[in-house]
Amino acid sequence: MACGGSEDSAFFEVETEGGVSGKFNVSWCVDGYRMPEVGLTVEGSKGVMRVNDDELELSLNGGERFRWFRHDLRDDVGFWLGAPEYYREDECFVEAVLRGGSVEACFGAAAKVDRLIDEVLVKAGRVGLVKCETRNVNSVKEAVREALKLIEYSLPKTRKIVIKPNMCYYWDWSTGQTTDPVFVAALIELFREDISSDVEISIVESDASAMKCKYAFKYLGYEKLAKEYNVNLVNLSEVETEKATVKVKDEVFELSVPKIIKDADLRVNVPKMKYMGFTKISAALKNIYGCNPYPKKFQYHSKLDEVIVALNKVMPFNLHVLDGLTVCGSKTLRLGLVMASQDPVAIDAVAATVMGVNPKSVIHLRLAEKEGLGKTSFVIKGVNIDYFRKRFPRKGLSEKAITLGYRVACKLGLDKRLV
Amino acid sequence: MEKINLGVIGLGFIGKVHLRNCLNLKSVRVLAAADASKRALNYAKTFGVKQLFTDYHELLKLKDLDAVIISLPTHLHAESAINAMEEGKHVFLEKPLARNVEEGREIVSAAGKNGVIFMVGYPLRFVPEFVDLKSRVESGVLGDIQMAYGVNIAAGPFFHRAESTTPRPVPEWWLNKELIGGGALIDLGCHMINLLRWYLGEVSAVKARLGYRFNFDFEDHATCIMDFECGACTVVNVGWFSQSAAVGVELHGTLAHARAYHSPSSKVVTAIMLILGKFFIPYLKEVSHFVDYIRNDNGENRLSGEDALRDLEVIAKAYKNQVE
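Heads up: the sequence lines are chains W and V, in that order. Quick note: the first sequence uses the numbering used here, first residue 2, plus one each step. Quick note: the second sequence uses the numbering used here, first residue 264, plus one each step.
Simulated from the structure, these hints should not be mistaken for laboratory data. Keep in mind it's a predicted model, so treat the numbers as computed, not measured. Positions of the beta carbon are idealized from the N, C-alpha and C atoms, including for glycine. Be aware that a few hints might be false.
[Claimed, not checked] Here are the in silico distance ranges between beta carbons for each label pair:
hint	chain 1	residue 1	chain 2	residue 2	range
1	W	Gly45	V	Asn305	54 to 60 Å
2	V	Phe276	W	Lys412	22 to 28 Å
3	W	Lys371	V	Glu342	57 to 63 Å
4	W	Lys412	V	Glu492	53 to 59 Å
5	V	Glu441	W	Ser155	48 to 54 Å
6	W	Lys371	V	Asn287	25 to 31 Å
7	V	Arg472	W	Val240	35 to 41 Å
8	W	Lys371	V	Asn305	40 to 46 Å
[What the hints assert, rightly or not] Straight-line C-alpha distance at most 27 Å; calculated DSS-like pairs for lysine-lysine:
hint	chain 1	residue 1	chain 2	residue 2
9	V	Lys301	W	Lys298
10	V	Lys440	W	Lys215
11	V	Lys301	W	Lys228
12	V	Lys583	W	Lys219
13	W	Lys281	W	Lys361
14	V	Lys301	W	Lys412
15	V	Lys583	W	Lys297
16	W	Lys213	V	Lys397
17	V	Lys301	W	Lys297
18	W	Lys412	V	Lys308
19	W	Lys219	V	Lys301
20	W	Lys401	W	Lys332
21	W	Lys213	V	Lys301
22	W	Lys225	V	Lys301
Work out the full structure: start from the sequences and follow the hints.
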């Protein structure tokens with residue numbers, strides 16, 4: 002848990018002026034680690050060197066491999082209390098005082114480290130993770146409130162709020178594929194309590210190739226919710242839009258932006274987290290794909306990654322609150338996760354990590370970062386990510402093989418033989 | 264005997280299944296297909312069907328045509344089946360017979376008046392597990408059946424259509440109570456009522472409780488309680504709410520009990536079978552039964568229109584006798 006606003010874990014990348022890049026993954030609350038563990042991997046042009054508390058391994062490109070264990074490295078020191086490195090740093094300090102020379106671990110070096118950490122904290126996307134094991138409006142509302150507090154987000158005084166849940170198909174919330182209406186109800190109550198009781202709230206979705214909004218609202222329980230909470234249900238395929246031109250990866254896209262989204266004071270994205278054949282994962286960035294009012298969205302699938310980023314650029318959402326109460330991975334599971342961030346790329350990077358997917362392997366995440374939508378580096382606030390990572394029903398090899406087989410079959414045109 | 268010249272009217276999901284099955288039957292020559300959608304007709308063309316019509320009336324004018332398989336939305340059953348019968352074609356019509364008893368009676372009466380063979384598609388009667396159960400009931404090994412339970416729960420109209428490379432929306436008619444004649448009860452209930460009537464005989468009393476999980480004006484699940492003339496009391500649960508299909512029957516007799524469940528293959532196996540042209544075997548068997556019956560004109564019509572009409576009468580009573 003977060004204490005005094007400090008983070009529990011962080012993932013970030015750095016690059017030196019000389020062009021060397023490095024990835025850091027730090028945490029002080031990983032389950033199962035009783036002692037601190039330090040590991041370093043250095044990849045060079047001639048091979049890879051891995052070092053941890055116990056050994057050093059060197060693998061050369063030619064296939065040669067060397068291993069040295071701690072006792073091989075002449076780790077003897079004059080006095081051993083705790084670990085030898087503590088003796089060495091004390092010894093170094095004393096030697097420097099006695100001889101008046103300079104030391105490597107000087108104040109200047111420490112200041113550089115501090116500056117770097119400050120930069121990471123400024124640049125990395127903050128993501129709040131909260132556990133919510135009970136599926137009811139009050140529990141979810143409190144969980145979201147806590148998640149917002151963790152990322153130090155204060156709800157602005159607004160008049161018009163747009164909420165975009167995930168309604169990809171006629172799949173009940175219990176499948177983990179669509180945003181739970183209870184989750185949205187909790188948000189509505191939260192906004193009315195913390196912003197204003199008369200704030201105007203609209204839940205938006207658009208028609209898709211295989212889904213019609215009018216049925217999705219009904220089937221997924223949003224029509225009932227709208228009546229109960231007196232909020233608007235808006236089919237974005239039927240409202241006034243404005244043309245917008247946006248450039249992504251040197252390609253210009255002309256898209257329609259629904260006026261209701263453009264005019265909203267606060268835009269809240271409420272995605273799910275799930276695997277998706279075309280884009281590896283679907284979370285915050287992909288959910289905005291549903292704000293494209295054009296119904297035959299399937300036509301964009303050949304440039305899906307670029308279009309997802311383009312839509313996020315023309316319709317930036319202020320807040321992303323991910324509904325991970327029930328998730329759909331290799332199977333459906335009640336995960337009880339509530340995640341919040343202002344950074345759609347960071348929240349997606351966390352979602353990918355929970356799902357066992359390397360964020361950097363997700364094309365639209367990389368592209369979004371490049372286009373300035375956010376950072377794949379993240380700082381976790383709240384519950385340790387490993388709690389959810391261990392529980393998430395990840396795809397096994399068989400499921401991955403099926404997905405691959407299906408994609409190959411589609412490439413070969415065999416799907417056209419299906420009824 | 265010569266091959267039966269057959270036409271397929273309606274190339275939705277089931278229509279395509281029937282088309283592919285007919286192409287696998289040696290006793291059938293598929294002469295033509297009709298569908299309002301050109302995309303659907305292209306599908307038939309891919310499999311070598313030469314005469315394609317966007318208006319099924321044109322198909323019915325083909326003189327060489329002996330029979331038709333009709334897989335149109337329920338509200339078009341009466342009109343299309345009667346038109347085909349008046350053109351002297353034998354008719355295999357998808358279930359449910361019609362959206363109400365009146366339309367059902369008109370179809371059955373037209374079949375008799377025009378002297379054509381008429382069958383309604385009930386593939387569960389050709390599922391080996393259910394056929395085996397029938398033989399156990401008839402052999403007496405279960406004793407006198409006192410209680411029975413039937414279940415047919417699936418996704419219904421909300422069958423996942425988004426993973427295909429060409430996603431398709433749910434057809435509008437399927438979500439329109441007026442066009443289908445009801446909801447899950449008529450759509451799936453007719454299967455189970457037909458099956459239980461096959462085992463137990465006629466229904467003497469029926470009442471139903473309808474459920475609306477998804478807030479539509481039609482029921483997405485229903486429980487039907489039926490008394491049979493033989494004295495058996497049965498419960499049938501049907502629903503359109505689950506991504507996992509369950510179709511089964513349990514019979515409790517004075518000597519023993521037996522259950523039969525039809526488990527669809529996994530998605531992967533189904534997809535491979537579809538690509539290979541090995542279609543849902545019970546569907547193949549029911550069409551094969553229809554064709555054999557036309558060719559031999561003897562034996563038992565296991566899918567008679569009269570039988571389907573009685574199913575519809577039970578369903579109409581169930582809608583009428585609702586309990587809270």
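ask   = Quick one, are lysine 301 of chain V and lysine 298 of chain W close enough, alpha carbons at most 27 Å?
value = holds (21 Å)
task = Take the C-alpha atoms of lysine 401 of chain W and lysine 332 of chain W, compute the straight-line distance between them, and say whether it is at most 27 Å.
result = Measuring from Cα to Cα gives roughly 13 Å; hence the hint holds.
query = Between arginine 472 of chain V and valine 240 of chain W, is the Cβ distance one that fits in 35 to 41 Å?
reply = Hint holds: Cβ distance 40 Å, inside 35 to 41 Å.
request  = Verify the proposed pairing of lysine 301 of chain V with lysine 228 of chain W, using a straight-line Cα cut of 27 Å.
outcome  = Answer violated: lysine 301 of chain V to lysine 228 of chain W is near 41 Å, above 27 Å.
message = Please verify whether lysine 301 of chain V and lysine 412 of chain W have alpha carbons no more than 27 Å apart.
response = Given pair lysine 301 of chain V, lysine 412 of chain W holds - Cα atoms ~23 Å apart, limit 27 Å.
ask   = Is the Cα-Cα distance between lysine 583 of chain V and lysine 219 of chain W 27 Å or less?
value = Since the Cα atoms of lysine 583 of chain V and lysine 219 of chain W sit roughly 26 Å apart, the hinted pair holds (cutoff 27 Å).
query = Going straight from one Cα to the other, do lysine 412 of chain W and lysine 308 of chain V come out at no more than 27 Å?
reply = holds (21 Å)
inquiry  = If I claimed the Cβ atoms of lysine 371 of chain W and asparagine 287 of chain V lie 25 to 31 Å apart, would that claim hold in this structure?
reply    = violated (53 Å)
Lysine 281 of chain W paired with lysine 361 of chain W [C-alpha distance capped at 27 Å] = holds (11 Å)
query = Does the structure keep lysine 301 of chain V and lysine 297 of chain W at a Cα separation of 27 Å or less?
reply = Judged against 27 Å, a Cα distance of about 18 Å means the pair holds.
ask   = Cβ-Cβ distance between lysine 371 of chain W and glutamate 342 of chain V: within 57 to 63 Å?
value = holds (59 Å)
query = Between lysine 371 of chain W and asparagine 305 of chain V, does the C-beta distance stay in 40 to 46 Å?
reply = holds (42 Å)
Hint violations for this structure: numbers 6, 11, 15, 16, 19 and 22, all remaining hints satisfied.
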